[in-house]
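Heads up: the sequence shown begins at 1 in the UniProt record's numbering, then just goes up one per residue.
What the hints contain is simulated information worked out from the structure, not anything from laboratory work. This one's a predicted model, so the numbers in the text were calculated from it and none came from an experiment. For every residue, glycine included, the Cβ atom is placed at its ideal position computed from N, Cα and C. Hints may be right or wrong, so weigh each one.
To be verified - Computed spacing ranges between beta-carbons, pair by pair:
| # | residue 1 | residue 2 | range |
| --- | --- | --- | --- |
| 1 | 209 | 57 | 24 to 34 Å |
| 2 | 329 | 210 | 44 to 54 Å |
| 3 | 200 | 261 | 12 to 22 Å |
Claimed, not checked - DSSO-like, lysine-lysine: derived pairs with alpha carbons at most 27 Å apart:
| # | residue 1 | residue 2 |
| --- | --- | --- |
| 4 | 429 | 398 |
| 5 | 15 | 64 |
| 6 | 443 | 398 |
| 7 | 275 | 287 |
| 8 | 64 | 156 |
| 9 | 448 | 429 |
| 10 | 448 | 434 |
| 11 | 287 | 298 |
| 12 | 465 | 429 |
| 13 | 465 | 436 |
| 14 | 465 | 424 |
| 15 | 424 | 398 |
| 16 | 424 | 436 |
| 17 | 275 | 252 |
| 18 | 398 | 465 |
| 19 | 287 | 320 |
| 20 | 320 | 298 |
| 21 | 158 | 398 |
| 22 | 320 | 252 |
| 23 | 456 | 436 |
| 24 | 434 | 456 |
| 25 | 436 | 448 |
| 26 | 253 | 156 |
| 27 | 12 | 64 |
| 28 | 448 | 398 |
| 29 | 443 | 429 |
| 30 | 110 | 429 |
| 31 | 275 | 298 |
| 32 | 465 | 434 |
| 33 | 398 | 436 |
| 34 | 110 | 64 |
| 35 | 424 | 434 |
| 36 | 158 | 110 |
| 37 | 456 | 424 |
| 38 | 253 | 287 |
| 39 | 298 | 253 |
| 40 | 456 | 398 |
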Amino acid sequence: RYSSLIQAYHDKFGKRPDWLVRSPGRVNLIGEHIDYAGYSVLPMAIDRDVVIAVSTRPIQDTFKIDVCNMNDSVYPSRSFETASEQPIQIDSTINEWSNYFRCGCKGALKDIDPISRRSIQALVSGTIPAGAGLSSSSAFVCASTIATLVSHDILKSKGEIIHMAIQGEHYAGVQTGGMDQSISIMGVQGSVLLIHFYPTLSAIPITFPTLFETPVFVIANTLVTADKHASAHRNYNLRVVETRLVAALLAKKLGVFDAHQLFTLRHLQNLYFSKCTVAHADTAQLKILMGLVSEHIKSEPYTLNEVAQLLGVDENNARKTYVENISIHEADGFKLYQRAMHVFSEARRVLLFRDTCASVDGNSDSFLQELGCLMNQSQDSCRDLYDCSCPEIDQLTKICRNAGAFGSRLTGAGWGGCTVSLIKESDTKAFIEKVKQEYYFTKWPMWKFDPDALAKIDDYIFASKPGCGAALFSGTL
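Please work from the sequences and hints to get the whole structure.
Put into C-alpha coordinates, the structure is as follows:
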(Lines of atoms letter the chains of each structure in order from A and count residues from 1; the text may use other names and numbers.)
(Lines give C-alpha, C1' and ligand atoms only; values in the text may rest on other atoms or scores of the structure.)
Protein backbone atom coordinates (compact mmCIF):
# COMPACT_ATOMS: atom_id res chain seq x y z
CA ARG A 1 0.00 0.00 0.00
CA TYR A 2 2.79 2.46 0.89
CA SER A 3 4.62 1.67 -2.35
CA SER A 4 1.45 2.34 -4.34
CA LEU A 5 0.98 5.64 -2.50
CA ILE A 6 4.55 6.74 -3.20
CA GLN A 7 4.25 5.81 -6.89
CA ALA A 8 0.92 7.61 -7.19
CA TYR A 9 2.47 10.67 -5.55
CA HIS A 10 5.28 10.63 -8.10
CA ASP A 11 2.78 10.30 -10.93
CA LYS A 12 0.72 13.20 -9.56
CA PHE A 13 3.44 15.69 -8.59
CA GLY A 14 6.47 14.54 -10.58
CA LYS A 15 8.58 13.74 -7.52
CA ARG A 16 8.69 11.39 -4.56
CA PRO A 17 7.28 12.57 -1.21
CA ASP A 18 9.59 13.71 1.55
CA TRP A 19 7.48 12.14 4.32
CA LEU A 20 4.70 9.69 4.97
CA VAL A 21 2.51 10.47 7.97
CA ARG A 22 0.21 7.84 9.48
CA SER A 23 -2.60 8.34 12.03
CA PRO A 24 -4.91 5.47 13.02
CA GLY A 25 -8.61 5.37 13.67
CA ARG A 26 -9.89 4.24 17.02
CA VAL A 27 -12.60 2.26 18.71
CA ASN A 28 -13.81 3.46 22.08
CA LEU A 29 -14.37 0.50 24.38
CA ILE A 30 -16.24 2.49 27.02
CA GLY A 31 -16.63 6.14 27.97
CA GLU A 32 -18.90 7.60 25.30
CA HIS A 33 -19.67 11.32 25.11
CA ILE A 34 -17.90 12.15 28.36
CA ASP A 35 -14.54 13.50 27.18
CA TYR A 36 -15.96 16.97 26.57
CA ALA A 37 -17.43 16.88 30.10
CA GLY A 38 -13.88 16.40 31.42
CA TYR A 39 -14.03 12.67 32.17
CA SER A 40 -11.63 9.86 31.35
CA VAL A 41 -12.22 7.49 28.43
CA LEU A 42 -10.88 4.10 27.39
CA PRO A 43 -10.24 3.76 23.64
CA MET A 44 -7.76 1.76 21.58
CA ALA A 45 -6.11 2.50 18.25
CA ILE A 46 -7.00 0.15 15.39
CA ASP A 47 -5.09 -0.93 12.30
CA ARG A 48 -7.29 1.12 9.93
CA ASP A 49 -5.66 4.49 9.30
CA VAL A 50 -5.05 7.63 7.26
CA VAL A 51 -1.66 7.94 5.54
CA ILE A 52 -0.55 11.19 3.90
CA ALA A 53 2.38 11.47 1.50
CA VAL A 54 3.65 15.04 1.60
CA SER A 55 6.38 17.38 0.39
CA THR A 56 6.82 21.14 0.16
CA ARG A 57 7.80 23.80 -2.31
CA PRO A 58 8.83 27.42 -1.74
CA ILE A 59 6.10 30.04 -1.54
CA GLN A 60 6.03 32.41 -4.47
CA ASP A 61 3.28 35.03 -4.20
CA THR A 62 0.81 32.90 -2.26
CA PHE A 63 0.67 30.06 0.24
CA LYS A 64 -0.79 27.12 -1.71
CA ILE A 65 -1.92 23.66 -0.71
CA ASP A 66 -2.61 20.89 -3.22
CA VAL A 67 -4.39 17.95 -1.58
CA CYS A 68 -5.37 14.85 -3.55
CA ASN A 69 -6.86 11.49 -2.61
CA MET A 70 -6.12 7.98 -3.81
CA ASN A 71 -9.91 7.55 -4.08
CA ASP A 72 -10.34 10.60 -6.30
CA SER A 73 -13.69 9.51 -7.74
CA VAL A 74 -15.20 10.09 -4.29
CA TYR A 75 -12.77 12.70 -2.96
CA PRO A 76 -11.72 14.93 -5.88
CA SER A 77 -8.44 16.85 -5.85
CA ARG A 78 -8.50 20.30 -4.30
CA SER A 79 -6.17 23.29 -4.37
CA PHE A 80 -6.49 26.36 -2.20
CA GLU A 81 -4.26 29.32 -1.65
CA THR A 82 -4.09 32.52 0.36
CA ALA A 83 -1.76 35.45 0.63
CA SER A 84 1.13 34.28 2.78
CA GLU A 85 0.13 36.52 5.69
CA GLN A 86 -3.58 35.56 5.63
CA PRO A 87 -5.13 32.80 7.78
CA ILE A 88 -6.49 29.67 6.10
CA GLN A 89 -10.22 30.01 5.45
CA ILE A 90 -12.57 27.14 6.35
CA ASP A 91 -16.30 27.17 5.67
CA SER A 92 -17.67 24.91 8.41
CA THR A 93 -21.14 24.96 6.82
CA ILE A 94 -19.87 22.89 3.88
CA ASN A 95 -19.29 19.15 4.26
CA GLU A 96 -16.14 19.02 2.14
CA TRP A 97 -13.46 16.33 2.59
CA SER A 98 -10.50 18.68 2.08
CA ASN A 99 -11.70 20.84 4.99
CA TYR A 100 -10.06 18.32 7.32
CA PHE A 101 -6.68 18.95 5.74
CA ARG A 102 -7.28 22.67 6.05
CA CYS A 103 -8.18 22.15 9.71
CA GLY A 104 -4.92 20.36 10.40
CA CYS A 105 -2.94 23.02 8.56
CA LYS A 106 -4.65 25.89 10.33
CA GLY A 107 -4.16 24.31 13.76
CA ALA A 108 -0.47 23.66 13.06
CA LEU A 109 0.24 27.06 11.47
CA LYS A 110 -1.59 29.13 14.06
CA ASP A 111 1.57 30.39 15.76
CA ILE A 112 3.96 30.19 12.80
CA ASP A 113 5.31 33.41 11.32
CA PRO A 114 3.58 33.75 7.92
CA ILE A 115 6.90 34.52 6.28
CA SER A 116 8.06 30.99 7.20
CA ARG A 117 5.19 29.19 5.49
CA ARG A 118 5.86 26.65 2.74
CA SER A 119 3.39 25.47 0.15
CA ILE A 120 2.35 21.83 0.54
CA GLN A 121 1.57 19.02 -1.88
CA ALA A 122 -0.22 16.08 -0.28
CA LEU A 123 -1.75 12.77 -1.35
CA VAL A 124 -4.09 11.00 1.07
CA SER A 125 -4.83 7.28 1.46
CA GLY A 126 -7.41 6.12 3.99
CA THR A 127 -8.73 2.74 5.14
CA ILE A 128 -11.06 3.96 7.93
CA PRO A 129 -14.70 3.81 6.80
CA ALA A 130 -16.13 7.33 6.72
CA GLY A 131 -19.08 8.02 9.00
CA ALA A 132 -18.62 4.73 10.85
CA GLY A 133 -17.78 6.12 14.28
CA LEU A 134 -14.13 5.04 14.01
CA SER A 135 -12.80 8.59 13.98
CA SER A 136 -11.80 8.89 10.34
CA SER A 137 -12.10 12.69 10.44
CA SER A 138 -9.97 13.08 13.57
CA ALA A 139 -7.32 10.70 12.21
CA PHE A 140 -7.25 12.82 9.04
CA VAL A 141 -6.88 16.05 11.03
CA CYS A 142 -4.11 14.51 13.17
CA ALA A 143 -2.20 13.31 10.12
CA SER A 144 -2.67 16.70 8.44
CA THR A 145 -1.41 18.49 11.54
CA ILE A 146 1.75 16.36 11.66
CA ALA A 147 2.25 16.68 7.90
CA THR A 148 2.11 20.47 8.17
CA LEU A 149 4.51 20.56 11.12
CA VAL A 150 7.14 18.34 9.47
CA SER A 151 6.78 20.35 6.27
CA HIS A 152 7.92 23.36 8.27
CA ASP A 153 10.69 21.54 10.21
CA ILE A 154 8.81 22.01 13.49
CA LEU A 155 9.06 19.54 16.35
CA LYS A 156 6.24 19.38 18.90
CA SER A 157 5.42 17.06 21.77
CA LYS A 158 2.57 14.60 21.42
CA GLY A 159 0.51 16.68 23.84
CA GLU A 160 1.04 19.82 21.78
CA ILE A 161 0.09 18.02 18.57
CA ILE A 162 -3.08 16.72 20.20
CA HIS A 163 -4.13 20.22 21.27
CA MET A 164 -3.41 21.54 17.77
CA ALA A 165 -5.53 18.78 16.22
CA ILE A 166 -8.38 19.40 18.67
CA GLN A 167 -8.34 23.10 17.81
CA GLY A 168 -8.10 22.20 14.14
CA GLU A 169 -11.25 20.09 14.23
CA HIS A 170 -13.09 22.87 16.04
CA TYR A 171 -12.56 24.91 12.87
CA ALA A 172 -14.76 22.36 11.08
CA GLY A 173 -17.60 23.22 13.43
CA VAL A 174 -17.51 20.26 15.85
CA GLN A 175 -16.73 20.73 19.55
CA THR A 176 -14.74 17.51 20.01
CA GLY A 177 -13.53 16.73 23.50
CA GLY A 178 -10.11 15.31 22.63
CA MET A 179 -10.46 11.54 22.94
CA ASP A 180 -10.19 10.85 19.21
CA GLN A 181 -7.08 12.96 18.70
CA SER A 182 -5.43 11.64 21.88
CA ILE A 183 -5.69 7.96 21.01
CA SER A 184 -4.70 8.55 17.38
CA ILE A 185 -1.49 10.25 18.50
CA MET A 186 -0.67 8.30 21.67
CA GLY A 187 -1.91 4.77 20.92
CA VAL A 188 0.26 1.95 22.29
CA GLN A 189 0.59 -1.43 20.59
CA GLY A 190 -1.08 -4.12 22.69
CA SER A 191 -2.72 -1.75 25.19
CA VAL A 192 -5.90 0.22 25.50
CA LEU A 193 -5.38 3.73 26.87
CA LEU A 194 -7.06 5.27 29.87
CA ILE A 195 -7.01 8.89 28.76
CA HIS A 196 -7.41 11.57 31.43
CA PHE A 197 -8.26 15.19 30.61
CA TYR A 198 -8.07 16.44 34.20
CA PRO A 199 -6.02 18.03 35.64
CA THR A 200 -3.95 17.77 32.44
CA LEU A 201 -3.98 15.51 29.41
CA SER A 202 -2.36 12.16 30.18
CA ALA A 203 -2.63 8.55 29.03
CA ILE A 204 -2.11 5.37 31.02
CA PRO A 205 -1.72 2.07 29.09
CA ILE A 206 -4.06 -0.63 30.36
CA THR A 207 -3.00 -4.14 29.41
CA PHE A 208 -5.42 -7.02 29.68
CA PRO A 209 -4.22 -9.72 32.08
CA THR A 210 -2.85 -12.96 30.68
CA LEU A 211 -5.82 -15.29 30.37
CA PHE A 212 -6.49 -18.74 29.07
CA GLU A 213 -8.76 -17.09 26.49
CA THR A 214 -7.42 -13.93 24.83
CA PRO A 215 -10.03 -11.14 24.48
CA VAL A 216 -10.64 -9.65 21.04
CA PHE A 217 -12.86 -6.78 19.95
CA VAL A 218 -14.95 -7.13 16.80
CA ILE A 219 -16.01 -3.94 15.04
CA ALA A 220 -19.20 -4.20 12.98
CA ASN A 221 -20.54 -1.38 10.82
CA THR A 222 -24.30 -0.78 10.76
CA LEU A 223 -23.76 0.93 7.39
CA VAL A 224 -25.82 3.84 8.67
CA THR A 225 -23.60 6.82 7.95
CA ALA A 226 -23.05 8.91 11.07
CA ASP A 227 -21.57 12.19 9.85
CA LYS A 228 -21.11 14.07 13.10
CA HIS A 229 -20.23 17.28 11.25
CA ALA A 230 -23.34 17.33 9.05
CA SER A 231 -25.70 16.66 11.98
CA ALA A 232 -23.68 18.39 14.70
CA HIS A 233 -26.24 21.11 15.43
CA ARG A 234 -28.91 18.52 16.32
CA ASN A 235 -26.72 15.81 17.82
CA TYR A 236 -23.08 16.20 18.87
CA ASN A 237 -22.90 19.95 19.48
CA LEU A 238 -26.27 19.96 21.22
CA ARG A 239 -25.00 17.36 23.70
CA VAL A 240 -21.94 19.52 24.43
CA VAL A 241 -24.17 22.47 25.28
CA GLU A 242 -26.53 20.31 27.35
CA THR A 243 -23.67 19.05 29.54
CA ARG A 244 -22.48 22.62 30.06
CA LEU A 245 -25.95 23.80 31.06
CA VAL A 246 -26.59 20.97 33.50
CA ALA A 247 -23.14 21.45 35.06
CA ALA A 248 -23.94 25.12 35.71
CA LEU A 249 -27.45 24.40 36.96
CA LEU A 250 -26.34 21.64 39.32
CA ALA A 251 -23.49 23.84 40.57
CA LYS A 252 -26.07 26.52 41.37
CA LYS A 253 -28.21 24.03 43.28
CA LEU A 254 -25.19 22.76 45.23
CA GLY A 255 -23.84 26.20 46.11
CA VAL A 256 -20.63 26.17 44.05
CA PHE A 257 -21.81 28.19 41.02
CA ASP A 258 -19.71 30.97 39.52
CA ALA A 259 -21.49 32.97 36.81
CA HIS A 260 -18.16 33.93 35.27
CA GLN A 261 -16.94 30.37 34.71
CA LEU A 262 -17.77 27.84 32.02
CA PHE A 263 -18.46 24.65 33.96
CA THR A 264 -17.92 21.06 32.98
CA LEU A 265 -19.43 18.25 35.01
CA ARG A 266 -15.91 17.19 36.04
CA HIS A 267 -15.22 20.72 37.26
CA LEU A 268 -18.45 20.59 39.26
CA GLN A 269 -17.40 17.29 40.86
CA ASN A 270 -14.06 18.72 41.94
CA LEU A 271 -15.60 21.87 43.43
CA TYR A 272 -18.35 20.07 45.29
CA PHE A 273 -16.22 17.36 46.86
CA SER A 274 -13.41 19.77 47.74
CA LYS A 275 -15.84 21.24 50.27
CA CYS A 276 -16.77 17.87 51.77
CA THR A 277 -15.24 16.91 55.11
CA VAL A 278 -15.38 13.18 54.29
CA ALA A 279 -13.19 11.79 51.49
CA HIS A 280 -14.83 9.60 48.86
CA ALA A 281 -13.33 7.45 46.11
CA ASP A 282 -14.06 8.63 42.56
CA THR A 283 -16.56 5.84 41.95
CA ALA A 284 -18.40 6.76 45.15
CA GLN A 285 -18.38 10.45 44.22
CA LEU A 286 -20.01 9.69 40.89
CA LYS A 287 -22.67 7.58 42.58
CA ILE A 288 -23.43 10.48 44.95
CA LEU A 289 -23.65 12.91 42.03
CA MET A 290 -26.20 10.67 40.30
CA GLY A 291 -28.34 10.93 43.43
CA LEU A 292 -27.99 14.72 43.45
CA VAL A 293 -29.10 14.88 39.81
CA SER A 294 -32.23 12.92 40.70
CA GLU A 295 -32.85 15.30 43.59
CA HIS A 296 -32.29 18.64 41.85
CA ILE A 297 -32.80 18.27 38.09
CA LYS A 298 -36.21 17.58 36.55
CA SER A 299 -36.58 14.89 33.90
CA GLU A 300 -38.56 17.14 31.52
CA PRO A 301 -36.67 19.30 28.99
CA TYR A 302 -35.59 22.82 29.92
CA THR A 303 -35.61 25.91 27.72
CA LEU A 304 -32.56 28.18 27.66
CA ASN A 305 -34.63 30.96 29.21
CA GLU A 306 -35.68 28.63 32.03
CA VAL A 307 -32.07 27.68 32.76
CA ALA A 308 -31.03 31.34 32.66
CA GLN A 309 -33.70 32.29 35.22
CA LEU A 310 -32.63 29.48 37.54
CA LEU A 311 -29.01 30.63 37.25
CA GLY A 312 -29.99 34.24 37.92
CA VAL A 313 -28.68 35.57 34.60
CA ASP A 314 -30.41 36.87 31.49
CA GLU A 315 -30.90 34.60 28.48
CA ASN A 316 -28.42 36.47 26.27
CA ASN A 317 -25.74 36.12 28.92
CA ALA A 318 -26.48 32.40 29.27
CA ARG A 319 -26.28 31.96 25.50
CA LYS A 320 -22.97 33.81 25.34
CA THR A 321 -21.46 31.75 28.16
CA TYR A 322 -22.75 28.24 27.45
CA VAL A 323 -23.63 28.18 23.75
CA GLU A 324 -21.00 30.64 22.49
CA ASN A 325 -20.71 30.26 18.71
CA ILE A 326 -21.73 26.60 18.67
CA SER A 327 -24.43 25.84 16.10
CA ILE A 328 -27.27 23.95 17.81
CA HIS A 329 -30.92 23.03 17.31
CA GLU A 330 -32.76 23.88 20.52
CA ALA A 331 -36.44 23.73 19.47
CA ASP A 332 -37.04 20.54 21.47
CA GLY A 333 -35.44 21.88 24.64
CA PHE A 334 -32.48 20.61 26.65
CA LYS A 335 -32.69 17.18 28.33
CA LEU A 336 -30.42 17.99 31.24
CA TYR A 337 -31.41 15.20 33.64
CA GLN A 338 -30.81 12.47 31.07
CA ARG A 339 -27.47 13.89 29.89
CA ALA A 340 -26.07 14.27 33.41
CA MET A 341 -27.16 10.79 34.45
CA HIS A 342 -25.44 9.31 31.40
CA VAL A 343 -22.20 11.24 31.93
CA PHE A 344 -21.86 10.39 35.62
CA SER A 345 -22.81 6.72 35.19
CA GLU A 346 -20.59 6.31 32.12
CA ALA A 347 -17.63 7.95 33.85
CA ARG A 348 -18.13 5.48 36.70
CA ARG A 349 -18.20 2.54 34.27
CA VAL A 350 -14.83 3.61 32.85
CA LEU A 351 -13.31 3.42 36.33
CA LEU A 352 -14.95 0.06 37.02
CA PHE A 353 -13.60 -1.26 33.69
CA ARG A 354 -10.12 -0.13 34.74
CA ASP A 355 -10.48 -1.70 38.19
CA THR A 356 -11.72 -4.98 36.70
CA CYS A 357 -8.62 -5.21 34.49
CA ALA A 358 -6.42 -4.70 37.56
CA SER A 359 -8.17 -7.19 39.84
CA VAL A 360 -8.71 -10.24 37.64
CA ASP A 361 -8.39 -13.57 39.44
CA GLY A 362 -7.39 -15.58 36.37
CA ASN A 363 -10.87 -16.81 35.44
CA SER A 364 -11.31 -15.89 31.77
CA ASP A 365 -15.09 -16.17 31.60
CA SER A 366 -15.86 -14.20 34.76
CA PHE A 367 -13.40 -11.47 33.72
CA LEU A 368 -14.89 -11.14 30.24
CA GLN A 369 -18.43 -11.27 31.64
CA GLU A 370 -17.69 -8.36 33.99
CA LEU A 371 -16.28 -6.24 31.18
CA GLY A 372 -19.13 -7.25 28.88
CA CYS A 373 -21.72 -6.29 31.48
CA LEU A 374 -20.22 -2.79 31.70
CA MET A 375 -20.28 -2.48 27.90
CA ASN A 376 -23.94 -3.54 27.78
CA GLN A 377 -24.85 -1.03 30.50
CA SER A 378 -23.06 1.64 28.47
CA GLN A 379 -25.12 0.81 25.39
CA ASP A 380 -28.34 1.00 27.41
CA SER A 381 -27.33 4.43 28.71
CA CYS A 382 -26.35 5.71 25.25
CA ARG A 383 -29.73 4.58 23.94
CA ASP A 384 -32.02 5.61 26.80
CA LEU A 385 -30.32 8.63 28.38
CA TYR A 386 -28.11 10.16 25.69
CA ASP A 387 -30.33 9.40 22.69
CA CYS A 388 -27.32 8.65 20.50
CA SER A 389 -28.17 5.13 19.37
CA CYS A 390 -30.39 4.22 16.41
CA PRO A 391 -32.56 1.19 15.46
CA GLU A 392 -29.76 -0.42 13.45
CA ILE A 393 -27.29 -0.14 16.35
CA ASP A 394 -29.88 -1.62 18.72
CA GLN A 395 -30.49 -4.48 16.30
CA LEU A 396 -26.81 -5.17 15.63
CA THR A 397 -25.79 -5.15 19.30
CA LYS A 398 -28.59 -7.63 20.04
CA ILE A 399 -27.41 -9.90 17.20
CA CYS A 400 -23.82 -9.69 18.47
CA ARG A 401 -24.82 -10.64 22.02
CA ASN A 402 -26.89 -13.54 20.74
CA ALA A 403 -23.91 -14.64 18.64
CA GLY A 404 -21.76 -14.98 21.75
CA ALA A 405 -20.43 -11.52 22.59
CA PHE A 406 -19.92 -10.87 26.29
CA GLY A 407 -20.80 -7.25 25.62
CA SER A 408 -21.73 -5.14 22.61
CA ARG A 409 -22.25 -1.40 22.32
CA LEU A 410 -22.07 1.50 19.92
CA THR A 411 -18.70 3.14 19.52
CA GLY A 412 -18.02 6.69 18.46
CA ALA A 413 -20.52 9.51 18.44
CA GLY A 414 -23.41 7.18 17.64
CA TRP A 415 -26.53 7.84 15.53
CA GLY A 416 -25.21 5.14 13.21
CA GLY A 417 -21.70 3.94 12.54
CA CYS A 418 -20.15 0.95 14.26
CA THR A 419 -20.62 -1.36 17.20
CA VAL A 420 -17.83 -2.96 19.21
CA SER A 421 -18.22 -6.42 20.73
CA LEU A 422 -16.05 -8.32 23.22
CA ILE A 423 -15.44 -12.00 22.40
CA LYS A 424 -12.87 -14.74 22.91
CA GLU A 425 -10.21 -14.84 20.21
CA SER A 426 -10.99 -18.52 19.57
CA ASP A 427 -14.60 -17.60 18.70
CA THR A 428 -13.70 -14.90 16.16
CA LYS A 429 -14.35 -16.76 12.90
CA ALA A 430 -17.66 -18.30 13.99
CA PHE A 431 -18.83 -15.04 15.56
CA ILE A 432 -18.14 -12.95 12.46
CA GLU A 433 -19.82 -15.51 10.20
CA LYS A 434 -22.95 -15.55 12.36
CA VAL A 435 -23.20 -11.75 12.39
CA LYS A 436 -22.73 -11.66 8.62
CA GLN A 437 -25.63 -14.07 8.20
CA GLU A 438 -28.01 -12.45 10.67
CA TYR A 439 -27.32 -8.78 9.95
CA TYR A 440 -25.72 -8.17 6.57
CA PHE A 441 -27.14 -11.07 4.55
CA THR A 442 -30.56 -10.64 6.14
CA LYS A 443 -30.70 -6.94 5.28
CA TRP A 444 -29.05 -7.37 1.88
CA PRO A 445 -29.66 -11.01 0.80
CA MET A 446 -28.40 -10.32 -2.73
CA TRP A 447 -24.89 -9.82 -1.32
CA LYS A 448 -24.48 -13.58 -0.95
CA PHE A 449 -24.25 -13.86 -4.73
CA ASP A 450 -22.39 -10.61 -5.44
CA PRO A 451 -18.57 -11.04 -5.58
CA ASP A 452 -18.01 -7.28 -5.20
CA ALA A 453 -20.19 -7.12 -2.09
CA LEU A 454 -18.52 -10.19 -0.60
CA ALA A 455 -15.12 -8.60 -1.20
CA LYS A 456 -16.18 -5.47 0.70
CA ILE A 457 -17.80 -7.14 3.69
CA ASP A 458 -14.47 -7.66 5.46
CA ASP A 459 -14.32 -3.86 5.72
CA TYR A 460 -17.73 -3.86 7.42
CA ILE A 461 -16.92 -6.39 10.15
CA PHE A 462 -13.44 -7.21 11.42
CA ALA A 463 -11.58 -8.12 14.59
CA SER A 464 -8.93 -5.89 16.09
CA LYS A 465 -6.46 -5.82 18.94
CA PRO A 466 -4.98 -2.57 20.29
CA GLY A 467 -2.65 -0.93 17.76
CA CYS A 468 0.00 1.80 17.79
CA GLY A 469 -0.52 5.53 17.39
CA ALA A 470 0.67 8.06 14.83
CA ALA A 471 3.97 7.57 13.01
CA LEU A 472 6.23 9.53 10.67
CA PHE A 473 8.31 7.94 7.91
CA SER A 474 11.13 9.84 6.21
CA GLY A 475 14.42 9.20 4.50
CA THR A 476 14.51 7.15 1.30
CA LEU A 477 10.88 6.60 0.34
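Consistency of the hints with the structure:
no.	hint	verdict
1	209 x 57: 24 to 34 Å	violated (52 Å)
2	329 x 210: 44 to 54 Å	holds (49 Å)
3	200 x 261: 12 to 22 Å	holds (18 Å)
4	429 x 398	holds (18 Å)
5	15 x 64	holds (17 Å)
6	443 x 398	holds (15 Å)
7	275 x 287	holds (17 Å)
8	64 x 156	holds (23 Å)
9	448 x 429	holds (17 Å)
10	448 x 434	holds (14 Å)
11	287 x 298	holds (18 Å)
12	465 x 429	holds (15 Å)
13	465 x 436	holds (20 Å)
14	465 x 424	holds (12 Å)
15	424 x 398	holds (17 Å)
16	424 x 436	holds (18 Å)
17	275 x 252	holds (15 Å)
18	398 x 465	holds (22 Å)
19	287 x 320	violated (31 Å)
20	320 x 298	holds (24 Å)
21	158 x 398	violated (38 Å)
22	320 x 252	holds (18 Å)
23	456 x 436	holds (12 Å)
24	434 x 456	holds (17 Å)
25	436 x 448	holds (10 Å)
26	253 x 156	violated (42 Å)
27	12 x 64	holds (16 Å)
28	448 x 398	holds (22 Å)
29	443 x 429	holds (21 Å)
30	110 x 429	violated (48 Å)
31	275 x 298	holds (25 Å)
32	465 x 434	holds (20 Å)
33	398 x 436	holds (13 Å)
34	110 x 64	holds (16 Å)
35	424 x 434	holds (15 Å)
36	158 x 110	holds (17 Å)
37	456 x 424	holds (24 Å)
38	253 x 287	holds (17 Å)
39	298 x 253	holds (12 Å)
40	456 x 398	holds (23 Å)
Consistency note: the structure conflicts with the earlier hints numbered 1, 19, 21, 26 and 30.
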